[in-house]
Amino acid sequence: MELKVEKIKFFITVISVSGRVDGSNYRELIDLAEEQFAEGTEKLVLELGACEFMSSAGMVALHSIALLARGEKPADTDQGWRAIGAVSMDKDSGIQENFVLANLQPQIHATLEKTGLLEYFKFFDDRQQAVEFFME
Amino acid sequence: MNVVHSLIVYNTELKNLGQIRKEIERIGSELGVDEGDVYDLSLAATEVVTNTIEHGYHGAQGPIEVEISQQGSDIVLYVRDNAPPFDPTTLEDPDLNLPLEKRPLGGMGVYLAKKVVDDMRYSQSDRWANELALVKKSIIRLQKS
Numbered sequence: 000m001e002l003k004v005e006k007i008k009f010f011i012t013v014i015s016v017s018g019r020v021d022g023s024n025y026r027e028l029i030d031l032a033e034e035q036f037a038e039g040t041e042k043l044v045l046e047l048g049a050c051e052f053m054s055s056a057g058m059v060a061l062h063s064i065a066l067l068a069r070g071e072k073p074a075d076t077d078q079g080w081r082a083i084g085a086v087s088m089d090k091d092s093g094i095q096e097n098f099v100l101a102n103l104q105p106q107i108h109a110t111l112e113k114t115g116l117l118e119y120f121k122f123f124d125d126r127q128q129a130v131e132f133f134m135e
Numbered sequence: 000m001n002v003v004h005s006l007i008v009y010n011t012e013l014k015n016l017g018q019i020r021k022e023i024e025r026i027g028s029e030l031g032v033d034e035g036d037v038y039d040l041s042l043a044a045t046e047v048v049t050n051t052i053e054h055g056y057h058g059a060q061g062p063i064e065v066e067i068s069q070q071g072s073d074i075v076l077y078v079r080d081n082a083p084p085f086d087p088t089t090l091e092d093p094d095l096n097l098p099l100e101k102r103p104l105g106g107m108g109v110y111l112a113k114k115v116v117d118d119m120r121y122s123q124s125d126r127w128a129n130e131l132a133l134v135k136k137s138i139i140r141l142q143k144s
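Quick note, the sequences are listed as chains A and B, same order.
No gaps in the numbering here: position 32 of the first sequence is 31 in numbering that gives the first Met the number 0, and each next residue is one more.
No gaps in the numbering here: position 23 of the second sequence is 22 in numbering that gives the first Met the number 0, and each next residue is one more.
In isolation and in its complexed conformation, chain B is listed as follows (with noise of 0.2 Å):
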């Protein structure tokens, strides 16, 4: 079953990075997620979001809406806007063993994102433009409906 935590339709300012981490803390308290999955989901959501309205929006105004959702004991974040279709799991991982010059350009905030969650995964549907999905499985200790 799908519950749905939170559902916030921000406009595209970077100062609104701190709210959705906010939220994303509460709901993890309240559902006995560890501090370090808490850390982990703030950090995709922070790149995620901070790269729809950089890259995505390219500074212009457009919606982005955050949901938090408990699916079982896996928490999965969606991140959904109408920025130009872009679906950023297709970037390639760099290779970290590369000198840093000689590395691809840009995917830096996408990287950590995918790095931090145990899958992303993208979306279009008649609504959003964009819709990813980042989820953490196995975090949730306390079931709350």
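The following block holds chain A by itself, in its conformation from the complex (with noise of 0.2 Å):
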């Protein structure tokens, strides 16, 4: 897994994420997003387009950015639907307002499918039109 870091304004952060995320390395992205709202990034996009594997250990990480997105700490990311079920995230709760996906591949989006977290989510279907929601 690779992942770039790009500050649009000093608001709005894009991080891209490339290659495969699962249980060896889904802390390292939680880390980044973790460092760039603690440097004042409100709002972030996930750029998912070179993402080309993301297992469970790779929902948990969504999960977990969406709550620093909402200024709360991630679970502990050690049990999968323990670490999702600890806080509750509603779909009404405003989680997609500072979090949001872009260029989601097909494979990944099956995955949210099937754990029931696709309606958790805002995707876009390019970082620019992410980028532009923010900038609304």
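Every clue listed holds true.
Once the Cα atoms are required to be at most 27 Å apart in a straight line, the calculated DSSO-like pairs of lysine-lysine come out as:
(1) K113/A <-> K114/B
(2) K42/A <-> K8/A
(3) K42/A <-> K72/A
(4) K21/B <-> K113/A
(5) K113/A <-> K14/B
(6) K72/A <-> K113/A
(7) K121/A <-> K114/B
Okay, the calculated bits of chain B under chain A, using three or more residues with CB under 8 Å as the criterion:
(8) 15-22
(9) 44-53
(10) 107-117
If you want the ones that stay clear, here's a sample from chain B, every Cβ over 12 Å from chain A, calculated:
(11) H4
(12) G61
(13) P84
(14) F85
These are calculated hints, taken from the structure and not from any lab test.
Since the structure is predicted, the reported quantities are computational estimates derived from the model, not experimental observations.
The beta-carbon is built from N, C-alpha and C at its ideal position, and this holds for glycine as well.
Once you've looked at the hints, go ahead and assemble the two chains, each given alone in its own frame, into the complex.
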């Protein structure tokens, strides 16, 4: 997995993920996002166009970043559903206000769907649309 | 007839996950398996091996064997280990209609693995405390022996 950070405005950051996200590296993604929020990022786009593979550990990372975007600490990431279920996150909680996904590959979209997480995230076809959403 | 395409013994390090996926992709390509089915097999193997490392061995060292077998037009992935016996096929599927905070603890990886294969079978033997067979049916387009 490779991660690239790009600041669009002082409050918008795009993290581009390439390669594969699994149990061996998903914490790096959470840590990088946490670093961005700590440095002043308010809105985060996760660009996944070059992300070829994402296991359930990646799903946990997405959830953790969503919590960080809401100003909360991510739950313990060791336990799958346990991490995800540790904090209530309903569709109306405003979670999509600060964190969106762009350019999601079909297989990863399918994994989100299979785990019932699809409805909790906002998606854009490309990075530009996602950034414009935050600029409005 | 059962044709074993790969037999790998790993120690319990998560960094081996990439190597397992590469092997599945190589064999899948040789057998003319669709990319989507290769992805599903890679995902199932990743989830099961991760579970074994994190929840079976709990960070201790131990062997994990991954066998990729061709059985007719099916591919069967066997994941074997000597962690304490545990049959993941007995785990109940989560109710995805429940709010996230009300879903049962654990089991996300196993659930995902189950969702992307056609069959998941558990057994034990004298040599291995746990053997999980992950079956993807009728996906081989190029027969090779």
